[in-house]
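**Q** Spelled out, the chains give:
2 protein chains.
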Amino acid sequence: MEGEPTRVMLAVNESTIKGYPHASISSKGAFEWTVDKIVRSNFSGFKLLFLHVQVPDEDGFEDMDSIYASPEDFKNLNNRNKAKGLHLLEYFVDKCHEIGIACEAWVKRGDAKEVICHEVKRTQPDLLVVGSRGLGPFQRVFVGTVSEFCVKHAECPVITIKRKACETPQDPVDD
Amino acid sequence: MEGEPTRVMLAVNESTIKGYPHASISSKGAFEWTVDKIVRSNFSGFKLLFLHVQVPDEDGFEDMDSIYASPEDFKNLNNRNKAKGLHLLEYFVDKCHEIGIACEAWVKRGDAKEVICHEVKRTQPDLLVVGSRGLGPFQRVFVGTVSEFCVKHAECPVITIKRKACETPQDPVDD
Chain G
1 MEGEPTRVML
11 AVNESTIKGY
21 PHASISSKGA
31 FEWTVDKIVR
41 SNFSGFKLLF
51 LHVQVPDEDG
61 FEDMDSIYAS
71 PEDFKNLNNR
81 NKAKGLHLLE
91 YFVDKCHEIG
101 IACEAWVKRG
111 DAKEVICHEV
121 KRTQPDLLVV
131 GSRGLGPFQR
141 VFVGTVSEFC
151 VKHAECPVIT
161 IKRKACETPQ
171 DPVDD
Chain F
1 MEGEPTRVML
11 AVNESTIKGY
21 PHASISSKGA
31 FEWTVDKIVR
41 SNFSGFKLLF
51 LHVQVPDEDG
61 FEDMDSIYAS
71 PEDFKNLNNR
81 NKAKGLHLLE
91 YFVDKCHEIG
101 IACEAWVKRG
111 DAKEVICHEV
121 KRTQPDLLVV
131 GSRGLGPFQR
141 VFVGTVSEFC
151 VKHAECPVIT
161 IKRKACETPQ
171 DPVDD
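Note that the protein sequences, when read in sequence, are chains G and F.
In terms of the UniProt record's numbering, the first sequence is residues 1 to 175.
In terms of the UniProt record's numbering, the second sequence is residues 1 to 175.
Keep in mind that the hints are not guaranteed to be accurate.
As the list makes no split between identical chains, a pair holds if one copy fits it or if it spans any two.
[What the hints assert, rightly or not] DSSO-like mimics (lysine-lysine), calculated; alpha carbons at most 30 Å apart, straight line: (1) Lys95 to Lys28; (2) Lys37 to Lys75; (3) Lys75 to Lys47; (4) Lys113 to Lys47; (5) Lys28 to Lys113.
Note that these hints are calculated values from the structure, not bench results.
Given only the sequences and the hints, what does the whole structure look like? Please build it.
**A** The structure is reproduced here in structure tokens:
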């Protein structure tokens, strides 16, 4: 008999271009790889923890077309963005339920690398999985920064999954 | 029924101070962690590939007390060092046989980070596991360089396992 399941945290984000509720290819890829290569058929041996970090724009506004007239509007904005994040997580939770793997999922806001490491400290998973696009210069720098920071600072082993060049979508709208 | 086992390459090295045939604490730790948290009881679902890279000293001589008088002496030196590396691998192969996990092990010489990435390209494992000491400044820089390079350049997902401060031996001779 095995003891407690291995708790694997996956940091997932939305598609750069399609936005919510679409998961990024690198997030889907990291999830599918984890199930295929690590969990395999040992469904009861693992529990997946999905963390989505919402990164506010530099000025703190996600939706430039909205009009903010009262503190209530900001509250609604936050709720709305949180709902978007929850739809993203729903994708992964549904998949886990289909497969039969226990899971938990939650949303936090802030700087992705800082929040991920803070959540690792708080929830103490056995393993953190971070996907990485390996795409154009901007994404490489950005995603590289998050994964490099986590490899150095997260208080648990970290697996970095690079996307292969052949997995980069022809049409960036699919990313 | 599951398909081919997940092939996990572990880059292992000898104790910094005790030398061959003693495995480093970080190598042992990475191996034990992989078995406990990834393989768990699914022994037939995984195959472990142990790679030990022998790093020549800067001047190419490991043994300053030996006298080299002919090309044969160099040949013997190489065989001797290779034998040391094999003793190191024997530790891990024995453990796998006790547990019942399929494995392979081999020795290569050269620059650790380059050789590891080259062997990943050649043998195409599903996952590369690299331990890291997280010790004093020299080791941190050295091991950090190897694991950082592999995270960026190895053509497969890479897991970096840092050693916890509490696992650093009181007596460095045990490292």
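**Q** Hints first: check each against the structure and report whether it holds.
**A** Do the hints match the structure? See the list:
1. Lys95 to Lys28: within (10 Å within a copy, 35 Å between copies)
2. Lys37 to Lys75: For Lys37 and Lys75, the Cα distance exceeds 30 Å both inside one copy (42 Å) and across copies (41 Å).
3. Lys75 to Lys47: Answer is neither: 33 Å inside a copy and 52 Å across each miss the 30 Å cutoff.
4. Lys113 to Lys47: For Lys113 and Lys47, the Cα distance is within 30 Å only inside one copy (22 Å; across copies 32 Å).
5. Lys28 to Lys113: Cα proximity of Lys28 and Lys113: in one copy and across copies (19 Å, 29 Å).
The structure is inconsistent with the numbered hints 2, 3, although it conforms to all the rest.
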